Amino acid sequence: MADYLGEFEQLVLLALARLGDDAYGVTIRATLIERTKRKPSFGAIYSTLRRMENKGLVRSFAGEPEAVRGGRAKKHVVLTPRGRVALREAHAAVVRMAEGVSL
Amino acid sequence: MKHPLNFLLRVGRSADERVSLLGDLEEERRARLARGSSRLAVFAWSTAEISWALLWGLRDAFVRRALAPRARLMLSWPDIKLSLRLLIRNPGLTVVSTVGIAVGIAIASAMFGYIHSNFDPALPLDEGDRIVALENWDFKGNNENRHSLHDFVTWRDQMTSVVEISAFRELSATMRTGDFVPETVRIAAMSASGFLVARVPALVGRYLLPDDEREASPPVVVIGYDVWKSRFGQDRSVIGQQVRFGFTHYTIVGVMPEEFEFPVNHQYWIPLRANPTTIPRGAGPELFVFGRLAPGATMASAQVELSAIGQHAAAAFPQTNATLKPQVLSYTKPINDIQDATLGSVLMGQLVMTLVLIVIALNVAILLYARTATRRGEIAVRTALGASRGRIVTQLFIEALVLSLLPALLGLALGQYAVDLGNRITALDVMGGAAPFWLEHGIQPSTMLYVLGLVVITAAIAGILPALHATRRRGGADLRQLGGSTGMRLGWMWSALIVAQVAFAVAVLPAAIKMGINEIRTYLTQPNYPIEELVGTAVATENASSPFGNRLLELRRRLLTEPEVTGVTFTGSLPQRNITGRIEVEGIPVESTSPPKWSRGLTTFGIDTDYLDVYGLHVVAGRPFNALDASATAGRVIVDRSFVQRFLNGTSAVGRRMRYAANGPTRPPSPWYEIVGVAENLRRNPIDPDVVGPTVLYPVAPEQLAFLSLTVRLRGSAAPRMNEGFARKAHNILAAVDPALRMNEVRARFQAESEDALAVRLVAIGLSSILVTVLLFSAAGVYALMSFTVAQRRREIGIRAALGASPLRVLRSVFSRVAAQVGMGVVLGVFGATAIAPLSADVVLAARLSMVTPASALIMVLIGVVAAYGPARRSLRIQPTEAVRAE
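These protein sequence lines map, in sequence, to chains H and X.
Taking our numbering, the leading residue of the first sequence gets 1, the next gets one more, and so forth.
Taking our numbering, the leading residue of the second sequence gets 1, the next gets one more, and so forth.
Any given hint could turn out to be false.
To be verified - List time: in silico EDC-like cross-link candidates among lysine to aspartate or glutamate, alpha-carbon distance up to 20 Å:
1) X:Lys729 x X:Glu554
2) H:Lys39 x X:Glu564
3) X:Lys729 x X:Glu564
4) X:Lys229 x X:Glu259
5) H:Lys37 x H:Glu64
6) X:Lys325 x X:Asp157
7) H:Lys39 x H:Glu89
8) H:Lys37 x X:Asp60
9) H:Lys39 x X:Glu27
10) X:Lys333 x X:Glu213
11) H:Lys55 x X:Glu27
12) X:Lys325 x X:Glu305
13) X:Lys514 x X:Glu259
14) X:Lys333 x X:Asp157
15) H:Lys55 x X:Asp60
No lab work stands behind these hints: they were computed from the structure.
Small disclaimer: the values here were computed from a predicted structure and weren't measured.
Please model the entire structure based on the sequences and the hints provided.
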């Protein structure tokens, strides 16, 4: 049984899958805004990421400090295999539920 | 650039996460500036982001701490079970805390509930919060002025921020319809637009229309659902039927739905007909004016507009309007007669009551701390086994929570009882004794929420404070406590609290005892006549300028022909004779009847010649009134025994003359009245005859009165069982004598008495529960302190006993600390009592109870000694060998 994912968690995981190695706060948020037309706050994104990290769905590592960030390091986030499985399961469940339903 | 709120990002986050988050915000900020956003817009954006991040951080921290699996263990069932077991194991502590917390919560929740239901309540009408009252405030007389017919018309025609401005006045009339007992009903004479303000459509027929207000229109009435049900059997053909109020027939045009009692608690509505062209400005009926705030308008904007109109009126009509300031008020304020000052003081009272509860919680904290001290070993063992400080504090918090839950329920129930009593008393004052339509019954959710908050605060103070204190120092020293001695000390806070407690008790006790004795004495005052045989009602003629005359004699004659009636009499008052104040008896210097003697309530009223006879009161000296006494020139009075005791020191009164002394330059002395008889006291008091104030009775005749109080004495003790039959008979007899006479509801006299007792009961309950609590906690505090001292000095006492110290010396040294604190408290308290003593107005009582302050100081000392007795005895039993070995 894969991990249960909330809707926002799914969206964030999809953003990670899409961004690959370039996933960190700013790019994740930009992707979500671009594709879902929602404007999540950084606070919400960070809370979700930490929750999923505690569950082992994502993994994070610190990057190099950058001038554009006021000399602060990025926190890169990547999907773990377990996260990928959970995402696949969740997506499949949505597809199965939507099958034959005219929307 | 550093945002001033950046520090908030720490909440609930690790360091690296915070750095990364700050970096993201900075990157985004620069990107926005690069895209051309203004600095202000970017600042606003980052402020919003930080706020959101704070909320998310708080949420995460809460989830982590409160709901994480490890933390969930903290609210475990074993903890609750342990708490319940401790409640049973320490019955003394449980009882004291339960009583204290229950009283505190009762007082606070009663206050809250009462305020909630009476001050600015939500009107249960569509957009009820936008219904407002308009009222003239006379700033010179410092009271409201409701003779505002002309202003009402001006406001209605000119105001735009308040619309549908309407007015009502209350009338009462005898209603007659069908076969029912005629009854006196209260009628709202209301502008037709009042129904638009309420926004409630009629259930059957229609409500009042502007046309109905014209003088030429036929009289119409709209009735309420309750009346429709009880009098007309919910018959829809009631429309078009007639009811009679006094002499006038009204056609029923509509029935309002259930629970519609607008404007206050009314069931009959007739159009308000008041023509400003025939009534001079500043005269006319008292009107309650109300309306709805126009869309977009606020109370403040309406007040601005109304003030401008008021200023205009003051300039145009200086004679009547110069001292008037019209006000926009919440709808219920004028009806409840609440002004802002009162509301402010009540809110202040609410704050004080909450503080009372906090003081009680602190007291419980002392007691729990004392108990926690005895469990020091247990706590040390748990710590040694790996329990965190948070875990132990949580356990003690839960114990306090369990301890306060039962008293909270008791307090809530007691508080609700007090709120109901208070509301009944208020309703008696407001209009006709029925509850206004906005009053909600039962315990309100807001009150429950408030009490829940109080419980948590109480448990936090009573549980967490001692727990934090007890777990402050760690280590092996605590484990040694298992061997016997306690390493804990009572800090300065506890000592200060005990001093304050004793001081408070000594300061308040005298005032409370005085008030209590006063209330109890008043409560014990009983009528000196067979009240259970009496029924009564108020009777009035239709017009104040037409007295009863022979109609009253006829009414009495007909009532006496009824088999159950044994006597009929009446009382009434003549304005020129109804003087109270200082009494002067001829031949006795005024000084000897000066204060304090005359300050105690003197009653004076007019009686019928049969009065003493019907009430069964004997004339002990002189004679009763006869028919000739009532004439205006006769000038005769009958006084009671209390009068003779008070003013004549028991000497003979008959034949002497008395008068009401001059009262300042405005009131000259009254004429002299001859005392023709002395009657028994109307009331008696078993414990203090002086409570019964002196009475002066003067004779009145039916031709002098247009309003009187009629009393009928029934055979045997029939009054309590008096059924509707007699009431109907009385009304029918009245109608047969003259339909123009009005009669109120016929009620057993003792019912009125029991209503008076309501207020006394409320005060007595509140007062005695506070007293009991203060005394209980003082005793418990002293007990805890003493126990501590003995436990702490166990070893020292043992050694002193071993070295041959006499028990008295040992005791003295143990007592000294308690004695110092109780002593300091008593001294402070006596100062406090002296300071608040002048607030009590009753000079006679104060003089008689002058010993109360020293007595209450003595009581507190005694309580201290009794509370210290147990621990002191324990200290004398300490065996030197055991005490020394224990270390």
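Query raised in the report: Going back to the hint list, which numbers does this structure go against?
Result: 2, 5, 7, 8, 10, 11, 13 and 14
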